[in-house]
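Number of protein chains: 2
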Amino acid sequence: MLQTIPKKEDEFEIIESYFKGLTAQDGVFLGIGDDAAILDISATPKHQLVVATDTLVENIHFPSSAVSYQIAQRALCVNLSDIAAMGAIPRWFTLSLSLPRKLANNSWLKGFSSGLAEVADEFKCSLIGGDTTSGALSISITMLGEVPPGSAITRGGANDGDFIYVSGALGDGAAALSVIQGNEIKHKIDSERLLSRFYRPEPKIEFGQKLRDVASACIDISDGLVADLEHICRSSGVSANVNTSDVPIKDDVRSQWGGNCVKWALFGGDDYHLCFTVPEHLTEIVDSWSADGLSDLKKIGRMTRCNDGVPQVFLDGAAVVQQNKGFDHFGG
Amino acid sequence: MLQTIPKKEDEFEIIESYFKGLTAQDGVFLGIGDDAAILDISATPKHQLVVATDTLVENIHFPSSAVSYQIAQRALCVNLSDIAAMGAIPRWFTLSLSLPRKLANNSWLKGFSSGLAEVADEFKCSLIGGDTTSGALSISITMLGEVPPGSAITRGGANDGDFIYVSGALGDGAAALSVIQGNEIKHKIDSERLLSRFYRPEPKIEFGQKLRDVASACIDISDGLVADLEHICRSSGVSANVNTSDVPIKDDVRSQWGGNCVKWALFGGDDYHLCFTVPEHLTEIVDSWSADGLSDLKKIGRMTRCNDGVPQVFLDGAAVVQQNKGFDHFGG
Chain A
1153 MLQTIPKKED
1163 EFEIIESYFK
1173 GLTAQDGVFL
1183 GIGDDAAILD
1193 ISATPKHQLV
1203 VATDTLVENI
1213 HFPSSAVSYQ
1223 IAQRALCVNL
1233 SDIAAMGAIP
1243 RWFTLSLSLP
1253 RKLANNSWLK
1263 GFSSGLAEVA
1273 DEFKCSLIGG
1283 DTTSGALSIS
1293 ITMLGEVPPG
1303 SAITRGGAND
1313 GDFIYVSGAL
1323 GDGAAALSVI
1333 QGNEIKHKID
1343 SERLLSRFYR
1353 PEPKIEFGQK
1363 LRDVASACID
1373 ISDGLVADLE
1383 HICRSSGVSA
1393 NVNTSDVPIK
1403 DDVRSQWGGN
1413 CVKWALFGGD
1423 DYHLCFTVPE
1433 HLTEIVDSWS
1443 ADGLSDLKKI
1453 GRMTRCNDGV
1463 PQVFLDGAAV
1473 VQQNKGFDHF
1483 GG
Chain B
1153 MLQTIPKKED
1163 EFEIIESYFK
1173 GLTAQDGVFL
1183 GIGDDAAILD
1193 ISATPKHQLV
1203 VATDTLVENI
1213 HFPSSAVSYQ
1223 IAQRALCVNL
1233 SDIAAMGAIP
1243 RWFTLSLSLP
1253 RKLANNSWLK
1263 GFSSGLAEVA
1273 DEFKCSLIGG
1283 DTTSGALSIS
1293 ITMLGEVPPG
1303 SAITRGGAND
1313 GDFIYVSGAL
1323 GDGAAALSVI
1333 QGNEIKHKID
1343 SERLLSRFYR
1353 PEPKIEFGQK
1363 LRDVASACID
1373 ISDGLVADLE
1383 HICRSSGVSA
1393 NVNTSDVPIK
1403 DDVRSQWGGN
1413 CVKWALFGGD
1423 DYHLCFTVPE
1433 HLTEIVDSWS
1443 ADGLSDLKKI
1453 GRMTRCNDGV
1463 PQVFLDGAAV
1473 VQQNKGFDHF
1483 GG
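Protein sequence lines, in the order shown, are assigned to chains A and B. The working numbering numbers the first residue of the first sequence as 1153 and each following residue consecutively. The working numbering numbers the first residue of the second sequence as 1153 and each following residue consecutively.
It is possible that part of the hints are untrue.
[Unchecked claim] Derived lysine to aspartate or glutamate pairs resembling EDC-like cross-links, with alpha carbons at most 20 angstroms apart:
#: 1; chain 1: B; residue 1: Lys-1198; chain 2: A; residue 2: Glu-1298
#: 2; chain 1: B; residue 1: Lys-1198; chain 2: A; residue 2: Asp-1178
#: 3; chain 1: B; residue 1: Lys-1198; chain 2: A; residue 2: Glu-1344
#: 4; chain 1: B; residue 1: Lys-1362; chain 2: B; residue 2: Asp-1468
#: 5; chain 1: A; residue 1: Lys-1198; chain 2: B; residue 2: Glu-1274
#: 6; chain 1: A; residue 1: Lys-1198; chain 2: B; residue 2: Glu-1298
[What the hints assert, rightly or not] Looking from chain B toward chain A, a few residues come up when the C-beta cut is under 7 angstroms (computed):
#: 7; residue: Ile-1166
#: 8; residue: Leu-1191
#: 9; residue: Gln-1200
#: 10; residue: Thr-1205
#: 11; residue: Val-1209
#: 12; residue: Asp-1234
#: 13; residue: Thr-1306
#: 14; residue: Gly-1309
#: 15; residue: Glu-1432
Hints are computed from structural coordinates only; laboratory data are not their basis. The beta carbon of each residue, even a glycine, is placed where N, CA and C say it ideally should be.
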């Protein structure tokens, strides 16, 4: 039997009360509150539209201990990270919020909408519409961005000989999960930094736009360096070799978790740094950025010809064995 | 504790195997398979972009007995209906599919993707991206459409004296639910028509575009005539009076359910017809359409001045009482 449909009035009130304030007017001809939003794309006719969708489900993408403010920030940042990986500029987003009735209260919704508003404000993107429904807690965001025609960075442009970079230290995401899951901590560790890496990953929006002039391919690291680099390999038709000792890892993570931290940096995911490839003649530009405060930016390997027809990732020259690819970093 | 993150490979395979074929090339610079899709909006610079989002959750928006083919069609049609209500042309959509592991099999996914493909093909819109995740069954679609600048029909343009129309017979959606829920059927009834009204509501895309020249306001009837007309009232700042005897109801529904069917037509929802208002001097045009095969198109009332400051819906001159507004049409 179907349950009672949530009353339209309730949904209307939720949208009116908590989300309507998030619609800025920049390019928004009609915002929240109609059957659809209307955007003035004709105001920016010399752009392509970039569209990314990401869904977060409770107990899969965040623990049930997370507060609504954190959940909202993570949901929006994860979507912004996809826009960053394309070298695009975020503009507008829709929100689909599925919410158990017990959470449809002022405290939860206020936390959620203020978390959303903070990130939206920082990255200058507006909520233009969406819907709320009863159901298991799940947040689906579709983010719209813009990019000058032909300048988006895809996964498919890497060539044999291009150098592989990451925009910062890896393994923080998996280390944060270990902390969230209550695993014992033996050494002094910056847990605030780690938790904020998980709940409020920093989308590399400005850095992504910088990469448009130098990167041949780019992806954001959500599933783990090896898994995501493999997507670049498949899309580009070349293989990759990573020098594992060059993969940047924060000192506190290394001293706390020792051996695990390298696995986490390679397979752990949730870091939301960018992994990108750069043709040799442009590496000088990227290397010079390291001196400009991007100290964690690191060259970690090189794309190689795909000899046997299967594009794949090698670690220090050795193919990644299947069991490592499927390494279950949240097995606790 | 967090569950194991679904393996990236699984998601990649699902998208590759079942959904990649749904990306047409019309305006799609880069489709499924990267961090984001890229659209060539510069090819249609004289349009505004229309964006609608709708989520369907199992046991709330469809029963667990529904097959995947039906669920996909309903999910896409419901979103297309929002685009129709704006008078817009559907172009592209993203899909966020949350799926319990037991349904992540070939049979379920094949049914789902073929249902989606059929509707997408009919309405000439392409799947451009999305994501799949483990979780309770839920489908969130964001639909992008286009409309010539300033010509979209919103909820907010109705004026005192405008006539109210509906594009077809109401009450079918609620009657269909009654059949789905296994309630006894005493008379001969076209249950195939009813079930298809529920699982494959007909988005009024062409009709919506026709309305751009005549309608002052428009909404699609998803929550029930009174609830949706009330949205027009609130947005436009005028009240509405409906002549209940003019509300069109199919003969088989009327003979089967007698008294209930009027309640269903007024409060039942899930009909996905358009409710729209037309200034008096343009009604002749709309009335002439009735002769052109749109036989269920019906004038059902008139917008009235909002005397006491609260825009509301009247039925045969009487205000709708609160308990009727909240009429629980799925209470079984």
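Evaluation of the provided hints:
1. B:Lys-1198 - A:Glu-1298: Satisfied, since the Cα-Cα distance of roughly 17 angstroms is no more than 20 angstroms.
2. B:Lys-1198 - A:Asp-1178: Holds, at about 18 angstroms.
3. B:Lys-1198 - A:Glu-1344: 49 angstroms, violated
4. B:Lys-1362 - B:Asp-1468: Since the Cα atoms of B:Lys-1362 and B:Asp-1468 sit roughly 29 angstroms apart, the hinted pair is violated (cutoff 20 angstroms).
5. A:Lys-1198 - B:Glu-1274: 30 angstroms, violated
6. A:Lys-1198 - B:Glu-1298: The hint holds at about 17 angstroms.
7. Ile-1166: Hint violated; B:Ile-1166 Cβ to chain A Cβ min 14 angstroms, cut 7 angstroms.
8. Leu-1191: 4 angstroms, holds
9. Gln-1200: Constraint on B:Gln-1200 satisfied, holds at 5 angstroms.
10. Thr-1205: Nearest chain A Cβ about 4 angstroms off; hint holds.
11. Val-1209: At about 4 angstroms, which falls below the 7 angstroms cut-off, the nearest Cβ of chain A leaves the hint on B:Val-1209 intact, so it holds.
12. Asp-1234: With a minimum Cβ separation of about 4 angstroms from chain A (threshold 7 angstroms), the hint on B:Asp-1234 holds.
13. Thr-1306: 5 angstroms, holds
14. Gly-1309: 11 angstroms, violated
15. Glu-1432: Since the shortest Cβ distance to chain A is 24 angstroms, the answer is violated.
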